[in-house]
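Visitor: Each chain, written out:
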Amino acid sequence: MSVCQKTLPVTGADTPQPGYRVLWIEDHELAARCVPGMFFELKADRRDQANRLYKPISVYQVREGRIAFMVKEVGEGSKALCSLQPGEGVRLIGPLGNAFPLLNVQNILLVSGGVGYPPLAYLKNCLPPSSRVIHLHGGASAKDIFPCDIVCTEDGSAGSKGRVTDLVPSVIAENRIQLVYSCGPQPMLKALTRMVEGIPHFVSLEAYMACGIGVCYGCSVPVGNEFKRVCKDGPVFNAADIAWEKL
Amino acid sequence: MSSSKSKLGKLDFDPPVTVASGTFGTEYFDFFDQRWLGAYVSKTVTFEPKAGNPVPRLYETEAGLLNAIGLQNPGLKGFIGDELPRLRGQLQIPLIVSFSGSTPTEFCQMLECLEKQPGIAGYEVNVSCPNVEKEGLPFGIDPDVVFNLTRELSKLTEKELTVKLSPNVSSIEQVAQAAEAGGATSLALINTLWGMAVDWRTGKSRIGRKVCGYSGIGVKPVALALTYKAAQAVKIPILAMGGIHTWRDALEFFFAGASVVAVGTAMFSNSQAVVELVQGLNGYLEEHNLRLKDIIGKVN
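If you read the protein sequences in the order shown, they are chains A and B. Sequential numbering from 664 applies to the first sequence in this note's numbering. Sequential numbering from 34 applies to the second sequence in this note's numbering.
It is possible that part of the hints are untrue.
Simulated DEER-style distance windows between Cβ atoms [what the hints assert, rightly or not]:
#	chain 1	residue 1	chain 2	residue 2	range
1	A	L766	B	S203	33 to 43 angstroms
2	A	P749	B	P254	56 to 66 angstroms
3	B	A230	A	G675	45 to 55 angstroms
4	A	G750	B	E60	26 to 36 angstroms
5	B	E81	A	P832	41 to 51 angstroms
6	A	A805	B	M229	36 to 46 angstroms
7	A	S746	B	P254	52 to 62 angstroms
8	B	K188	A	R709	36 to 46 angstroms
9	A	S746	B	E145	23 to 33 angstroms
10	A	N888	B	D327	19 to 29 angstroms
11	A	G682	B	A96	20 to 30 angstroms
12	A	R795	B	D232	33 to 43 angstroms
Worth flagging that the hints you see were computed from the coordinates, not collected in a lab. The beta carbon of each residue, even a glycine, is placed where N, CA and C say it ideally should be.
Assemble the whole structure, with the sequences as input and the hints as a guide.
Guide: Below is the structure:
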């Protein structure tokens with residue numbers, strides 16, 4: 664199916680934490696095509712952003728023809744997105760990328776770090792009710808924390824103190840985890856991949872992108888002996904396939 | 034006849050706009066009709082498949098984009114087996130194949146091979162990618178090598194043969210004249226400038242390869258000056274690119290001596306850039322009752 668490119672008004676916006684913004688748009692056709700793992704290229708429809716790149720942002724929630732994105736303020740482009748108010752325009756390209764594969768298992772662990780939270784929150788809503796899902800989320804401090812099951816922060820300001828991966832071995836052992844989904848900074852994903860070896864593990868990778876549609880090969884990551892595009896071949900990969908040592 | 038019709042050597046261009054190799058794919062035709070382009074330029078194909086450069090490969094600067102893709106491509110066999118048939122099936126506009134070899138012999142072998150393939154209107158000889166160790170660079174900066182290479186290649190084809198030049202040279206005039214003397218039927222310029230960015234907090238390079246290619250809005254004045262200099266030095270037409278985002282940018286390049294312009298990095302920030310450029314250019318020419326050929330090279 665072809666990728667859409669359009670400018671839509673922001674229909675709702677809120678600030679769940681300082682430095683983060685949730686933006687809602689309404690488009691029934693696009694919403695119907697979203698599945699967990701997918702992302703859009705977004706940019707603020709403002710003159711000063713005209714020559715700036717779009718930013719790849721995961722789908723966070725889909726509800727009754729509306730799509731939400733959670734954006735973290737990092738650079739100029741995301742800063743402009745975070746400042747958008749309802750009624751202002753957002754330019755988008757999407758939906759893009761593949762999806763988290765869904766396996767028929769009982770005990771599922773979601774591990775997110777920082778702005779890796781949104782795609783896993785969306786996934787959690789779409790997993791079968793019969794599954795037992797534990798969402799483990801970590802951030803630098805309390806302002807990087809969002810609703811989940813187990814929290815940890817590097818400065819100890821919310822949940823347990825430490826890195827999110829510190830909690831993984833005990834959670835796995837106590838809950839007979841059969842499947843892991845993750846999204847977050849690469850060092851976290853790399854460490855997690857080692858820890859959960861032997862358990863099916865799918866990661867959603869973050870990457871700097873230019874085109875977002877598979878043209879430029881700028882977002883490529885090493886997979887085996889070749890490079891795969893995060894935008895087109897991913898963003899979801901089998902963690903075991905990534906050549907983490909080359910990242 | 035459209036007032037913006039132009040010619041690049043043996044190829045008619047209507048509209049006089051194409052895309053910069055490596056920045057474009059048929060995926061963009063989801064967003065606009067391909068007839069807004071006068072021709073399609075492929076990503077550069079190399080003899081052997083190339084995995085490309087280590088990551089990270091991209092960084093957006095204050096004014097333009099850094100990249101170190103490293104010509105990731107499936108190699109000539111993969112191109113001829115998969116990509117070329119797909120392009121032939123999809124394109125209704127002329128196809129220019131961009132290619133690069135690691136030796137003059139390899140360039141010639143590649144061209145001989147491509148000449149046997151139907152559906153190719155012309156070639157862009159990439160002697161100027163800054164992101165590969167062996168391909169291109171030693172060729173693109175030495176006028177004698179460019180002359181000898183172009184002379185050999187021009188014996189092998191009757192089609193359009195455009196030589197893509199690097200801006201990272203001390204005299205663009207000498208390299209341009211060398212390509213013309215060797216039999217190039219047009220020139221394409223500029224490839225990316227050298228660029229670099231460092232995270233000032235950590236001292237870490239933003240790009241895996243450290244020094245890489247710089248394109249986009251910030252390179253426009255450089256590209257314009259090199260287009261002008263090259264146009265002054267040769268009689269063959271010029272396909273100009275480098276920071277062109279709007280029809281106003283394109284007009285500057287036409288005035289400086291370009292016969293055709295290409296949009297590259299601008300596609301990443303505006304997938305309608307080509308359409309808006311052509312509409313704006315046609316509007317300008319109509320409003321001033323001009324034909325494109327009336328303004329090419331007429332900077333004053």
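Visitor: Decide, hint by hint, whether the structure agrees.
Guide: Quick rundown of the hints versus the structure:
1. A:L766 with B:S203: 33 to 43 angstroms: violated (60 angstroms)
2. A:P749 with B:P254: 56 to 66 angstroms: Given about 40 angstroms between the Cβ atoms, the range is violated.
3. B:A230 with A:G675: 45 to 55 angstroms: Taking Cβ atoms as reference, A230 (chain B) and G675 (chain A) lie about 36 angstroms apart, which means the hint is violated.
4. A:G750 with B:E60: 26 to 36 angstroms: Holds, since G750 (chain A) and E60 (chain B) (Cβ atoms, about 31 angstroms apart) stay within the stated range.
5. B:E81 with A:P832: 41 to 51 angstroms: Holds, since E81 (chain B) and P832 (chain A) (Cβ atoms, about 44 angstroms apart) stay within the stated range.
6. A:A805 with B:M229: 36 to 46 angstroms: holds (37 angstroms)
7. A:S746 with B:P254: 52 to 62 angstroms: With Cβ atoms ~31 angstroms apart, the hint is violated.
8. B:K188 with A:R709: 36 to 46 angstroms: Violated: the Cβ-Cβ distance is about 53 angstroms, outside 36 to 46 angstroms.
9. A:S746 with B:E145: 23 to 33 angstroms: At roughly 56 angstroms between Cβ atoms, E145 (chain B) and S746 (chain A) fall outside 23 to 33 angstroms, so the hint is violated.
10. A:N888 with B:D327: 19 to 29 angstroms: Cβ of N888 (chain A) to Cβ of D327 (chain B): about 54 angstroms, so the range 19 to 29 angstroms is violated.
11. A:G682 with B:A96: 20 to 30 angstroms: holds (26 angstroms)
12. A:R795 with B:D232: 33 to 43 angstroms: holds (41 angstroms)
Checked against the numbered hints listed earlier, the structure breaks hints 1, 2, 3, 7, 8, 9 and 10; every other hint is satisfied.
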